Every structure is written in C-alpha cells, then in structure tokens.
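Assemble chains Z, H and B onto chain A, guided by the hints.
4 protein chains.
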Amino acid sequence: MSDTSAKDYSVPALGKRKIPSPIIMSTEDGDMVANYVNDEEKILYHIEGVVGEHQQVCFDPHELLEKAGPREKIYFNPKHVHAAIVTCGGLCPGLNNVIRAVVRCLWYRYGITRITGIQNGYRGFLPETGFEPLELDPEIVDDIQTKGGTILKSARGGGNRVEEIADAIERMNISMLFAVGGDGTQRGALEVAEELERRKLNISIIGIPKTIDNDFSFIQRSFGFDTAVTEAVKAVSAAHTEAHDTINGIGLVKVMGRESGFIAAHTALAMSDVNFCLIPESPFDLDGGNGLFIHLKRRLADRNHAVILVAEGAGENLTSETGKTDLSGNKSLEDIGSVLKRRIKEYFEKDGMEVNIKYIDPSYMIRSAAANPNDSIYCSRLGANAVHAAVAGKTKTLISMVHDNFVHVPMRVAVSKRRHVDIEGSLWRDVLENTRQPMSMKNQVYIKDK
Amino acid sequence: MSDTSAKDYSVPALGKRKIPSPIIMSTEDGDMVANYVNDEEKILYHIEGVVGEHQQVCFDPHELLEKAGPREKIYFNPKHVHAAIVTCGGLCPGLNNVIRAVVRCLWYRYGITRITGIQNGYRGFLPETGFEPLELDPEIVDDIQTKGGTILKSARGGGNRVEEIADAIERMNISMLFAVGGDGTQRGALEVAEELERRKLNISIIGIPKTIDNDFSFIQRSFGFDTAVTEAVKAVSAAHTEAHDTINGIGLVKVMGRESGFIAAHTALAMSDVNFCLIPESPFDLDGGNGLFIHLKRRLADRNHAVILVAEGAGENLTSETGKTDLSGNKSLEDIGSVLKRRIKEYFEKDGMEVNIKYIDPSYMIRSAAANPNDSIYCSRLGANAVHAAVAGKTKTLISMVHDNFVHVPMRVAVSKRRHVDIEGSLWRDVLENTRQPMSMKNQVYIKDK
Amino acid sequence: MSDTSAKDYSVPALGKRKIPSPIIMSTEDGDMVANYVNDEEKILYHIEGVVGEHQQVCFDPHELLEKAGPREKIYFNPKHVHAAIVTCGGLCPGLNNVIRAVVRCLWYRYGITRITGIQNGYRGFLPETGFEPLELDPEIVDDIQTKGGTILKSARGGGNRVEEIADAIERMNISMLFAVGGDGTQRGALEVAEELERRKLNISIIGIPKTIDNDFSFIQRSFGFDTAVTEAVKAVSAAHTEAHDTINGIGLVKVMGRESGFIAAHTALAMSDVNFCLIPESPFDLDGGNGLFIHLKRRLADRNHAVILVAEGAGENLTSETGKTDLSGNKSLEDIGSVLKRRIKEYFEKDGMEVNIKYIDPSYMIRSAAANPNDSIYCSRLGANAVHAAVAGKTKTLISMVHDNFVHVPMRVAVSKRRHVDIEGSLWRDVLENTRQPMSMKNQVYIKDK
Amino acid sequence: MSDTSAKDYSVPALGKRKIPSPIIMSTEDGDMVANYVNDEEKILYHIEGVVGEHQQVCFDPHELLEKAGPREKIYFNPKHVHAAIVTCGGLCPGLNNVIRAVVRCLWYRYGITRITGIQNGYRGFLPETGFEPLELDPEIVDDIQTKGGTILKSARGGGNRVEEIADAIERMNISMLFAVGGDGTQRGALEVAEELERRKLNISIIGIPKTIDNDFSFIQRSFGFDTAVTEAVKAVSAAHTEAHDTINGIGLVKVMGRESGFIAAHTALAMSDVNFCLIPESPFDLDGGNGLFIHLKRRLADRNHAVILVAEGAGENLTSETGKTDLSGNKSLEDIGSVLKRRIKEYFEKDGMEVNIKYIDPSYMIRSAAANPNDSIYCSRLGANAVHAAVAGKTKTLISMVHDNFVHVPMRVAVSKRRHVDIEGSLWRDVLENTRQPMSMKNQVYIKDK
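Chains as they are written, first to last, in numbering that gives the first Met the number 0: chain A, 0 to 449; chain Z, 0 to 449; chain H, 0 to 449; chain B, 0 to 449.
Possibly wrong hints are sitting among the right ones.
To give an idea of the chain Z side of the interface with chain A (calculated C-beta under 10 Å), a few residues [said to hold, decoys possible]:
(1) 32
(2) 33
(3) 40
(4) 47
(5) 99
(6) 145
(7) 231
(8) 268
(9) 375
(10) 377
(11) 402
(12) 423
(13) 425
(14) 428
(15) 429
(16) 432
Sample of chain B residues with no beta-carbon within 12 Å of chain H, all distances over it, derived [claimed, not checked]:
(17) 132
(18) 303
(19) 337
(20) 417
Read the hints as simulated data drawn from the structure, not as lab findings. What you are looking at is a predicted structure, and each value in this text was computed from that prediction instead of being measured. Beta carbons are placed, not taken as given, at the ideal position from N, Cα and C, and that holds for glycine.
Bound conformation, chain A alone:
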C-alpha cells in the first residue's frame, strides 16, 4: 500500500545523549516503578491485513514508530535550556492544555525554568510586529486549561519567513521550540530546523500537530477533535428541533472540514438526527434524478423535516463557480452553507412547496471551546511527551498518538500526505447506515455491476 520504506520512520536527533535524566524511574519490569522508554521500543503502524487459509501474509514489520516518553539519558543540560513554544493558525480546543503541559513538564520534571511563549504564531518571531514574547511558568499556566483559545494568541502567516525566524531563534538563544500548528506550521518548522542545521545550531524543533479537521496522517485523533464533535452535536441538535417543530423544516448546519469530512462524519454518528451528511470526499449533485434536491423532497414528503450537515469543503463544484481569487491567488470559495440555503430555497419556491430552512454556522463556537476531559487528558500527555522528546535531543519530529500509543513521527513523513475519510471504509459505512442517505448523490453512480 505505502511505498515509504522502513528507514523513513527513523527519528532525527541532535546528537549523542550523555546526561542522566533528573527524572528517577526504572529500567526493569516488576519493581513497581514506572519505566523509562528506550529508543528501541516501537509500535507497528500498519496493523491490518488479510490472512487467507493457506497463506499468511500481512504486516510489514518495517513500519515501526518509535515510542515517546522519558529517556534515561538526555541530550540537553536542563540548566542551560531556553525552551520556547508557539501556537499557529486558527483556534482549536486544547491549545492552552498543551501549553500548560509543556510548561509544567519542563519546569517540574526537568527543572527547566527559562520558558518563553511566542505570541501570535510565527509572526511573533518577526521583529517588525513588535509582539513581545511572554515568560511562562507554572503559576501563569495554572488554570488556563479551563479556557478555550490560547494564552499565546494565534495567527496565520509568517511561516515562510524561514531565515528571519531562524535569526530570532538564534538571537533569543532558544534551545528547543515546540511548534503547535497544522500542516503549514509543521512544514515551516521543518524548514526552520533545516536552516538551523545549516547554521550548525543544535536546536530541537518538536512539532505538536494541530488540526481540528483531524486530517493529519500518522495521527489517530488530533487534539481538539473530540471537543469539536461535541460542540457540533449541539448545533445539529438545535437544527433538528428547528426543523422538526415547524412545517417542512430544513435544518442546515455547516461544520469545519476543508478537505476531510471527519467532524461531519462523527457528528452524524453521534445523535442520528442528521439525514444528509455531505463531505468533501463524496461529491454530490443538487439537481437530477439522484441529486440532493430530489432526495430532500422525498424526505420531506415522508417525514416533514430534514437535517443536512455539510462540511465546509463539500460540494466544491457548487462553490468554486464564482471564479474570484483572493490576494494570494487562491480561489475564494463561497460559503457552501449559504449556497445550499439559497439553492434549496430557490428549488422549493419554483416547486411551490413551503419550506422553512434554518442555517446554523457554529464554527467559531466550536473552535473556541475549552477542551473536554477527553481532549484535556490527551493534551496533557501530548505536551509532556513533546518535552521528553525535546530534552532527549529529538528534532524535526512530531508527537503523535497511534493505536493509543504516543509515538515520534518524523515531520518529513507526517506532512507528506493528508488523511481523508475512506468512503469505502467502516466509518463512512456506519455514517450511511445512520443517516440512511443514498450511498451516493452523484447522478452517475459508481456502483459496478454485481
């Protein structure tokens, strides 16, 4: 399936580790003391296979991910470390939890007390912005996990100004940087790390992957995703009530998911109020004998109400028609929710059928929510493992959870592709079973003859 070979998964490191960790643990089983993790502990990435009666072929034993955790020997002398953390891109539940976990692990476990928060994403490194860095300590982060957002503020942009960021890191004498952000942020972090290497600077760059859409490869579940689904469920529930309790009510909810429909798919599974779940991976038509409109009309005839949940990147063919571009030359897309609302209205007006359509866009309420306990637990472990990786001298590495294990994933590997909902797989299958929507709403259905 995957053409990445075994060596791809090896984790870059700054150099030989010689310093004993200040964390006292054990290297043996059975002594009832927590154990260090060593670099030879791995977990298998691909764990699915087909095992026939006669043959027994399956798992590629080369696809091994290194387990995260505290090492017995570390690379950095805690006394000399200056650690920095930056949060980039849009808000996502759990950012404060990650910041807090990083600060607390640095401070309490390793005695690292020089910790700087860079404000407003990578732009905080750029001198002309005048964004002052914050000094961080356990007192400052004491209670921040109860809030959404990020105390470091977050912003897009700046990640392409690699040299200036490297300059700032060098000037501030930073020894390790925790970069919390998405795909673009991690690509930026990788380039900065390479620039620092060129400058012969031994600086650890550790990525903490953030994507509310849950579309990172090599990551079982991104932090904030569970909270996002929890919040999205509330909007769907409201849409259901609005749709159900009037004449031919249609509730329409838009959630995040520019390229991958994970939030929409999970939200649809959570409550079964959704009748049509529209995601980028499954294209659909509006008109025609198998389009959304005709199915929607049937649903209203049957049950008098309907709920549509649409991911922001779904129906690209419907929104890209504007032909406009934004300043950077990217196509500027219309809001799919507004398009659907307008088109549905027009359709039923022409049809002479009264419908009452209520459109809810809960995106900002989702993004800014405080992490729920599940994400909170996850973030607190993610942050601690990021610190263990950095002090051990790992670099150009993401901290990730795979098959319920915290692991190290080389940035180069992780940013190579995006994860999508497999529309032939079990998640989407279960969504279809729940919504009872057609397997496809394209007019040419891709069902092969049976």
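Same frame as chain A, now just chains Z, H and B:
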C-alpha cells in the same frame, strides 16, 4: 508475554453462511462504494515490540483478531429471525445507545422486525419474576439515546440459572441474543451458549461488553468510560473548589474502580486538580514515614489545600479489616471514602491541626449520565457491529474495539483475565507527573538500587 | 404616569361559578392546608414612588391585578370540558414545559381528559392545511420538558382568519383554548374570543404570553427569556475567546430583540466580556467623532480586542436603507450583524489596520434550547395557573407573573403596549457600568449642561 | 400582619453628603441619560391585599423600602477611601461575582483603588490567625466570575469577636466594609458597626446577604439560589434514572435547607421527577396509616420506582433522637438522608419486598458551582449597588432585591426573622400538584371539616 496461542482467537460460528446479505455493498476497492468485511481481514493484537540494532524480533503474527462488519453472505434468514437483547448489572452511560443501535441495524439494514427486550437483566428470563418482555422497534428507541439508564431496566443476578435461561430462549424461539453486561454477564452468556449447543440449537449469543471501570481485556476502551471520566471531573472540580477556598481544605472524591483504577487515573489527568490519586493497583499506607498522612500534611503546609481521588477498590487493606461477610459469604468492605474521611479527621485532630474535609461520592451521578457524543458514536457503531456478527452466524463472541478497529473476540478469551493499570507503564507515569504525588506511598518502597 | 383607570384591570369572565372544585383545599389560614385563591385577592401593579419629607404621595391603589390560582368554585363541569392548546410563532424555550403543565393540571387536578393539541399554530385550525389535531394525555407529555421546541409544532400566520378559527372551535366543540404566543397571537386570540361571544358561545380563551425578547407589558419576565440569556452568554464567551486570542480580534454576536434589547442587556451583564452592547432603544452612529468606529478603534488600541453584542433590531437606520419590501409590503431589513461586519471591515481596511472580525449568530441555537430549571419551574406554574383560570371561567385573559406573583391580566390591557429597556433606568445603567461603553454613540449627545 | 412600623425601614447613614459623585448621570427624565437615584425613591414592600366589593382595604403605605443606586452627592471622598470586603460561612455560587462587581465598581466608577480582601471570613481580622489580607484590583478579579468558590476563601466563626474585629478595622484604617454572609454574619456586622459608632468612627458597614437556602426575609431571591436549584436538578435527574431503571428503585436525594425548604421545593417543580418532597416546614411521619412508608409502598406498587427529595432540616423528629451534642452544646443531628435510607431499607426488608435504594448527596457539588448567568447578572448588580450605598454613606444596611428592585434594607430589620415556605401558599401548592404527594404525611392530618 502471552501464552494464548493463535487458535485461541478464532471466532466460533453456528454454521455455513449461504444467504446473500440484504445490505448492498461492494467487494472491490476503488468503486467508491462501501465494502463488505470478510472473515480473513484481521488486525494484529500485540503491536508493541523492541527492535534492537542487530536483531529484529517482535510481533507475534499469530495474535490476529477478526474484523467486525457486514458480511456478503449471512447465516440467518432475516424473515425468520427473532432477536433479543438484555442489559445486565449496574447502570453505565451508553446502554440506551447500544439498544437503539442494535434495534435500528436489525430493522433498517436487515429487515428483522421481531425484536424483544428482556427486562431487568437475566432475571427477565426467569418465569417467576413475571417481568414481561418488551417488543422493540425503531419508534420506541427513537430518542432514547438522549437519556441515561436503560429502557430495558437492568439488574444483577440470575446469570447462574443457565438451564432456565436456555429454556426461556428456546421457549421464546429466540435466534440471536445480545447480552450487554460485564464479566459475569459474559460468563453467563457463554454458559448459556454452551447449554444451547448441547441442545443442538443454532442460536447466536453475542456479547457487548459493559464495564464502566474499563477493566476488560481485549477492549481498548469500554463504552461509557469516557462519559464516566467526564462526570467524575465535575466532582473533582467541586472538591478542588471546596478544598481551595477554606482553611486547610481537603477534598475527597471516590469514583468507581473495584479492581482497576482507570477512571481515577484518567480523571486525575484531565484537570490536574488531584494531588493524590489512589488506585487498587498501587497499595498505600496511611501512617508511617512514607504514608498518605505525612504526605498530605506536607501538602497542606505547602499549599493549604489538597484533593484526594480514590477508586473504590483502593486501599483494600484498610477496608477489609471489618471482618464482616455478606449473605453470600463475600467479605463486605467498608466504603473506602468514609474510612479515609474518618481516619484523616482522627489523624489531624490528634495532631491539633484544623482541617476541613469534604467528601463527595458522585458514583450514581456518573453511572446514570447520558452518553456523551464520543461514547454515543462508539455505542452506535458497537451495536451495529454486534448485529452484523449475529446475522453472520458468529456466536460466543464479544464485539470489541482494539486499536480503533471493531473486532470479534471469542468470549472464552475475553473473560479469561481482567485489565489493570500498569503501574510501570505510561498512563500511570503520566498520572504521577500530573499529581506530583510520591511514586509509592508504601513504607517499604519498591525502588531498586540504581 | 399611567392613564389606564382601575376598571381596566378587571378580568372578563364567562358567567357565574357554581360548581365546587374537585381540588380539595382550604379557605382558612393556619390549618396547614394549601388555600384556594379568591377573586378579591389582588396585587398592586405600580409599586414605585417618591416619598418626600413633607408629602407622602405615591401609589395608585386602583391598579390592582387579580391573583391567579385555583378557585373554590369553578365554572366548567370537568366532565364536559374539551380543552385545546395551540403554540404559535417562532420557537422559544419552555413551550413543551407549558404544554405539559397544562395537560397535567387538566388531567390530574380537574379530571379533564379530553385534551387536544392544535398543530402548527393557528394554521392548524384551518381545514385546508390538513394538519391533524393531536390527542394529548399525561403519557404523551411525560418527558417532553427535557426537549426544546414544541410537540405541537409552531408556525406563523393564520391568526387573522378569525371566523374560520371560531368555526373550527365551534365545530370541535372546544370549551377552553390555551393560546401560547406573542403579541400577534394574543390579539388574534382576543378577536376570536370576541367572535365567539357574538355567537353566544361560552368558551374560555386564555393566553399564555410568549416572547423570547421579554418585551410584553405587564409581565415581569417572559418564559424562555432566562434560557435565552444563558445560551447567548455561550456565544459571547466564544466571541470573546476568538477576539482575545488573535491580532486585533473583534467578536461580533447578534441576538434576538427586534424592538427591545432585553436579551442583549442581560447577556452583557452576565459575563462582562461585552464592550459594546447595541440595542434598539439606544440609537448609534458608525462614523463621526462619537460613533461606534472611533470608540472601537480606541478600544483596539488599548486592549487589542473587542466584543460587540448587537440586538437584531438595533441600528435601524443602518439596515433600513435597502429600500426593499417583502411580499406583504413590510420593509425587508438587512441583517444588522452582516451590515456591521461589512462596515467595520471596510472602515479598518481603509484605515490600513489589520483586524480579525468573527461574527456569530446563535439565534436558532438559542430559540431551540430546552428550558433551563428556572424557566422550567416558571412554565410549570404558568401552565397550571392558566388551567385554574380557564376552569374558573375567566376569558380574554393572560396569565402573567408580576412582582413574583402569578396574576390575571386582561388581554386588552396587555397587548396595548410593548415593553422597552428604559435607557434612563437601572438596568441600562448597570449595563453601561459593565461594558464601560459611552453613554451614547450618537454624534449629537443628549447630555444636558450640568 | 406585620407589626413593624414605618420608621423601621429607614436606612441608617453616617452623615450629610456633600461631595458630588464622580459618576456623571442625570437628574431629569427624558434626556436619554441614565438617572441618579435619590433617597426619596421608594418601593412598597407589602403589595398583596384583599379588595372586597364594598370595602377597599389593603396596602400599608408606610412599608417603604429605599431604592438602591448611585446618588448625585456622596459621603466619602474617593481619594481617601480604603474599602474592604470579606466572605463568611459556607461556599455559595456567586461569591466571586460579588467580589468582582464590588471591586470593579469601586475602581472604575468611583476611582477608589485601595481595596482589601479579608481572607477566611471574620477570622481574617484576628491577628493570631496570621491570614494576610489581599490587595484587590480589576486585574486580579478579571476572570474570577467563571469559577465557583471565593478567591478570599471563606470560613465560619470569628463573628462574635466584635471588639477585635473593630480594632482591626480601625488599625487598617478601613472606611467601608462589605460583609458577604448569612444571618450570623450580618448580626456580627451590625454589632461591629455599633462598636465602631461607639468609637465615633464614620465607617460604613454594608451587608450583602448570602444564603443558599434563600431563607432571608426582605429578599426576593438570594444570590446563588438559582444556581443551586440548577445543580440540584441534576442530582434528582440521576436519582430518577437510577430508580426508574431497576427493580423497585428508590432514588433519594438530599439538598440544603436547614430551616427552609426552598431549594427542595423549587427543584421538585423544575422537572417533576420528584414523588416525595420533604421540607422542614411540613412535618411527616414514617410509619402509620398516613406515613411516608405506606405512601412509598403504594407508589412502588403502582409505578415500580420513586424519587424522594429531602431538605437537610426536614424530619427533625427523626434525626434529633440521637441525643448527642456537639462541643458548643448544639444538638448534633444525624444526616436525614442516611436515616431515611436506613429506615426505608429496614421497612422493606421486614416487609420482604426487594427495593434498590440509591442515596445521592450533591451538597458540595451544589455549593461550589460557578454562578449561572442568572445569578451572575444578579451578583454583578448587587455588588455595584452595595458600592453605591457605601460611598453614599449608608451603613448598617443590606443590599437586597425586592419585587425586582434593588433596595436598601436596614440590617436590624432583615435579621429579625427567617423566611419559610408557606405551606398554605402558592409555591407549596404547586409543589404538591407536581409531586402528587399527600398534602400531609402526618398521621393526624390537619384538614378541617368542610
């Protein structure tokens, strides 16, 4: 590590499957149609290993679990099926979600419309109780997932009356039974299945494992567990406020966890308000130079408040001293929370130090909560997969989630051992880092010389 | 102050009450048995006055409202009653609670078992719609209070077809109608009642006032209002996080309030995250030396973020400029939130200042929420008191809460004027203190010389 | 009814007000500027009366309460003011909101920047405790309203050490003290104020009444009460699920309410899950033909489950039997919840009937909750009005809300009696209608012949 051999994981089945499934899916990749699952699709159970520089030893390719999901051919003719479902033991978030998913999948996907709910657990099978079975359909279960509890009611006991249960199943002409319950329930289900086999009856018995303590082997996370942690966090948060905002406040919270401290461990990780997390797996003393009291006293001297989170099965040595037994001869244990409250009070009274201790037992509020979205999604998929297994003729099998895949686990294997918090592993390590409590509070510490 | 004379407040009734109530209560104090209410029990409406040193002028003892509650003698014979209930207009938290309270009080307290729910508002009375009435009983309404919306569905319109509604009431042989709805609904109910009077029919028409905006006169707090504020607070909190945690963030939230800004005012008081609260009662300019823009710019310069909360009817001068009219000839107004978002963007673009504006419209999530406990209590008492009024033969009367007492208010009086936020009074004063916004953002400020 | 005469309600003040308020407002209506309040603005306290056909007797125009709010002239020069605030007794939702409102109003409205928080209640005044006062400013209180508890910590006791408190106030040169607490706290505050008067010190003592039980006279609703009911509803809902979903389940919930059953009564009204609501004001028997047991047994026979909600002070006859006294000589009462649980168990064991009783005590989770929006609004206005009263030179005065108006109530009057649920009034009547419990469960029923 494990001495179970490959054949242990093979899933019992009633016979050859000849009937085409009424669910239309695909057997090929790339056609954008959801795929059937076939029995040869497996996932690896043990995925952790140590890979040295020279050697490359690790994963036992025999430990394979069969993937759950809809099969192309099924065993039962849906027209003739009488399906039954029973919920046993104490309440747990998600029971109604599971019931609903089972009913909806039977009805909508397979066209099975004869569905019976057995009331009050196994006791609903016993004629003398007079508990009438309920007829179930999608209408009845339409909205039940928004409520905690179980519409079938639940009760302990009756599981040992194997012959009478088999009699009832035979008399009611049940073709498949979904048994939702814990360890004991699944043992009972296995015995009933074996009794039915002896009677040459082709009846599928599918277990849906329920344990709010999350202590089942072969199950990554039991349903309701995440909700339980979410609710427990609220109690800890209250205890923290009560402790923090008075003179030498001590907040004491008891959560479920008779033999395994998973709820306590996760709850402690979620908010970092917990200073002492006490679980069955990590014995502790009260008195002595390394006992809880002295550490608690130090904490109060330092910070003026403390929060203790105790799993109900922790400190067994402290509660078993009563020497009483209940009617069945089991040792009746005092409530560990009450014991701790009393002993702490006594200790500080003797010490002449004013403390204000507030004890919260949120157990019933946790058990009866409605499933949160995460558990709701899980239960809806668990129930559907249980139905797919039953109609395919699987039996004596649990539906489980392992490494984020739904799988079939033979009951015999699953009930063979209980899962515990590994106090040398990463979860407990992260708890210790968060609470900053001593690695052990036994007076003889098990730390080896280094 | 008020020119309505004492006789205005007298409550219309159908006739003499001769039937003893089936509810057994007491007419005497001191026997520890709950008391009947008699028609002579009143509460004073205007309770504020100015009492100088020498004079003692104040309260008009003629403005007396009749207390609601069960009467010793009733008008209708419960055996022959056919009660009906209808919910009109947009959704509002608490509708199901009111329905439930009415049904339960009719059934359990008076033994009235013929209860009909009219569907989709007044349109449910019109034969051509084909909306079937629902039979209601305690079983059906058992658990509906946990849900938002209304099991009777709600719709606008139909209220002006007075004769047809009266025909339907006559045809269905309805003896009492509970009309739950706003200003328009109550005007419609009054006209229907008058039409029924002309037909010499003794039918009680009782209004239960519904206005999520809380803008009914003679009603201390309308049901659903507290829940609405509770939900609005969540949106403001999200807007605050989004605004605070980025560069020059502006959070903009729109809430209901077409003519009265009560929701906005209360929401602003609840959390103090709001910096500019804009309501219909206090006109404002955008441009100019005292306009919103300049104040917003100053706020951003000071604090780098701002939260604006706008009631939908605020800034009428800004939205009415479109000049369009809808089909019924009403001016169609642009959405004030969208207007503000666009204008603010334009202003700062022209200014060359980067701002990040996030607009949240939580209206449907607010309207469809389930009643919180406070509203739930209120609705359950409101519904019961409506029933007591109807069986006692009151008609053309609203049930209301004034100064924490449930009272009868003649419809004629209640619909005569709308309630507004008094911008010289204590509520708005406290809002201004909380937001610390200018007393006025009109360029000609109405401050007199001092 | 009441024998307090008109002069009772006059509000004590320190002296003549000469300083113009720094708050710019208006004294005229119609200028669209918020108005000052002057001392002659009053509201009527008793507003209920009986108005017969011939006579027209009713309202005592002497019972007038002074309206709270900012005065045009003030007593204290803000530059010289040292304000202090103290929170006493058990936790109650809203304490932080009150603290925050006081600090913000002092600082932002009056420019008073010397503000001290006394820690741990009155004990913070006593030198031997060593509890350091906190300096307060808007930064410190910025976000505290999102948390339960009190940043000043709270404790019982110390209130009787009047002279030492007065010494401390004198020594610290405090000009105004805001005392947040219950009955005892306000009595203490009054004595301290009198002691300060004897010392000829012009110090304003303003009380902010705190009683989670809502049992203060002259206060429509105490802060935190609505939040308390909201939290109590959750426990009742859990008890209902536990009771409903098993064999003869009995859910038992205890809530606060030592002498007054307001929390229990309101909670019972909120959800209708309660079948027996037991409050101090309505004595009941367990045994006998009209006792709780026989009614409970009937309920179980009918419906198989029951929910009992008991206020902590109910059934005093059942708990006072222990005969023990605590150190101060007060009778130490058993926990009524535990007593009921034990007695009910015994009753049904003797009876040979299986029951499953689940007892929930949510008290600490209720007390420590963060204020909900309704209470949050209330507290923010209460705190601001307390400041307006103090700077105007009022003293020995409570800030209260009566008939939805903020008013001044002389401490002497307010502490003179406690408020109880009137078991012949409308609140308790509505509870009885909702629970459908017997009007009395005493064996000698007080029903007069009819």
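Starting from the hint list further up, note which numbers the structure goes against and sort them upward. none
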